[in-house]
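**Q** Each chain, letter by letter, is given below.
2 protein chains.
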Amino acid sequence: MKSKGLFIVISGPSGVGKGTIIERLRKILPDVRKSVSVTTREPREGERDGQHYYFRTLTEYQQMIADGQFLETAEVYTNFYGTPKDILFKQLKDGHDVIGELDTLGARQVKKSYPESVRIYVLPPNLDELERRLKARGTEDEDGLKRRIGAARRELDEYRTYNYVVFNDDPEKAAERIAKIVEAERCAVARNQDIIKGLLR
Amino acid sequence: MKSKGLFIVISGPSGVGKGTIIERLRKILPDVRKSVSVTTREPREGERDGQHYYFRTLTEYQQMIADGQFLETAEVYTNFYGTPKDILFKQLKDGHDVIGELDTLGARQVKKSYPESVRIYVLPPNLDELERRLKARGTEDEDGLKRRIGAARRELDEYRTYNYVVFNDDPEKAAERIAKIVEAERCAVARNQDIIKGLLR
Chain A
12 MKSKGLFIVI
22 SGPSGVGKGT
32 IIERLRKILP
42 DVRKSVSVTT
52 REPREGERDG
62 QHYYFRTLTE
72 YQQMIADGQF
82 LETAEVYTNF
92 YGTPKDILFK
102 QLKDGHDVIG
112 ELDTLGARQV
122 KKSYPESVRI
132 YVLPPNLDEL
142 ERRLKARGTE
152 DEDGLKRRIG
162 AARRELDEYR
172 TYNYVVFNDD
182 PEKAAERIAK
192 IVEAERCAVA
202 RNQDIIKGLL
212 R
Chain B
12 MKSKGLFIVI
22 SGPSGVGKGT
32 IIERLRKILP
42 DVRKSVSVTT
52 REPREGERDG
62 QHYYFRTLTE
72 YQQMIADGQF
82 LETAEVYTNF
92 YGTPKDILFK
102 QLKDGHDVIG
112 ELDTLGARQV
122 KKSYPESVRI
132 YVLPPNLDEL
142 ERRLKARGTE
152 DEDGLKRRIG
162 AARRELDEYR
172 TYNYVVFNDD
182 PEKAAERIAK
192 IVEAERCAVA
202 RNQDIIKGLL
212 R
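These protein sequences, in sequence, are chains A and B. To convert, take the position in the first sequence, counting from 1, and add 11; that gives this note's numbering. To convert, take the position in the second sequence, counting from 1, and add 11; that gives this note's numbering.
Just so you know, the hints here were simulated from the structure itself, not pulled from any lab data. Wrong hints could be hidden among the right ones.
As the list makes no split between identical chains, a pair holds if one copy fits it or if it spans any two.
Within a straight-line C-alpha distance of at most 25 Å, the following computed PhoX-like cross-link-like pairs (lysine-lysine) qualify [what the hints assert, rightly or not]:
{"id": "1", "residue 1": "Lys29", "residue 2": "Lys157"}
{"id": "2", "residue 1": "Lys184", "residue 2": "Lys38"}
{"id": "3", "residue 1": "Lys104", "residue 2": "Lys45"}
The structure displayed is predicted, hence computed values, not measured ones.
Next up, chain A with everything else stripped away, as it sits in the complex:
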């Protein structure tokens, strides 16, 4: 019997290294697919529709909201981003695990609309380390840095939205921990009831 796939949500403060971790995770678990979001923002150089994002006009996007087509949707700096239900649910039903990088607002919506999702929050070993990483990026001025650290602190307070926290002391180790969480979740009783009932017949 083919089990339903897992929807794995990864969140974490800006600068914590989510991108690198997801990249490594997909090397450990190559069958895990990346969730493709719908967005109203303009495609950047090299971005392809259906691969990086589904690019839609604001009117199309608003229609999708009206039709209840999003698992979660958010406006970020005048652009909209959302996870389309139909595509995701089809993949999960076919037994594929899907990973989505979402902010805490998105994760909170997913917790509500799809509680069987596996929600993981990536944490820096400490907040000083986060500040150091953000500085090293060099994309923020002093004010921007303070804002991001403040946001990280507020976000951390949302940890109850998540099932797991993974410390990113090392991206490879963090990816391995997430891979173990994925494999453990596949053994969760709640996800194996049909198989158990099948055994009992």
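We have chain A already, so just place chain B on it with the hints.
**A** This is chain B only, laid out in the frame that chain A set:
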């Protein structure tokens, strides 16, 4: 900050291979300790008090029950077996993971008295396979076999007592799965609240 250890409960029908799996698991995670039960049965050749069991008289055992010293206790063929709270809780508090092999009755008591335990049910790939393994042991006659299969079927119906099911298609793989469950559980938000709160201070 040192995290509290996990109490890992392993159950499964007789003949499913729990002993081999636990042995292999302890090679993968050598720091995991085995829970030592208290029993009223006579020590067998080579068994040492405090290592294989804590051997106690029936009077001593009944006093321990009266004093509420057991996390779970059961009578099996006129002998008593139980998990002593004080020793276990001390180990968990010191950050050691402890594994205990319990029957479904014991697991049910543990779920109630220590819900943060990680309860894992080991399943055969199918019931025919279980019958085959029990036959291969050669320790049961036809009636005994039927009884054991019937018991396995009834036990399976108790799967809600557990957090995870692990199929023993191969003992090494089953042990690896349990090791992953242990490592995933260490990342559970509920087990990391103090660390997260520490980060926020």
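**Q** Is the C-alpha distance from Lys104 to Lys45 at most 25 Å within one copy, between copies, in both cases, or in neither?
**A** within (15 Å within a copy, 39 Å between copies)
**Q** Classify it for me, Lys184 with Lys38: is the Cα-Cα distance of at most 25 Å met within a copy, between copies, both or neither?
**A** both (13 Å within a copy, 20 Å between copies)
**Q** Under a CA distance limit of 25 Å, which applies to Lys29 and Lys157: within one copy, between copies, both, or neither?
**A** within (20 Å within a copy, 53 Å between copies)
In terms of the numbered hints stated before, the structure departs from none.
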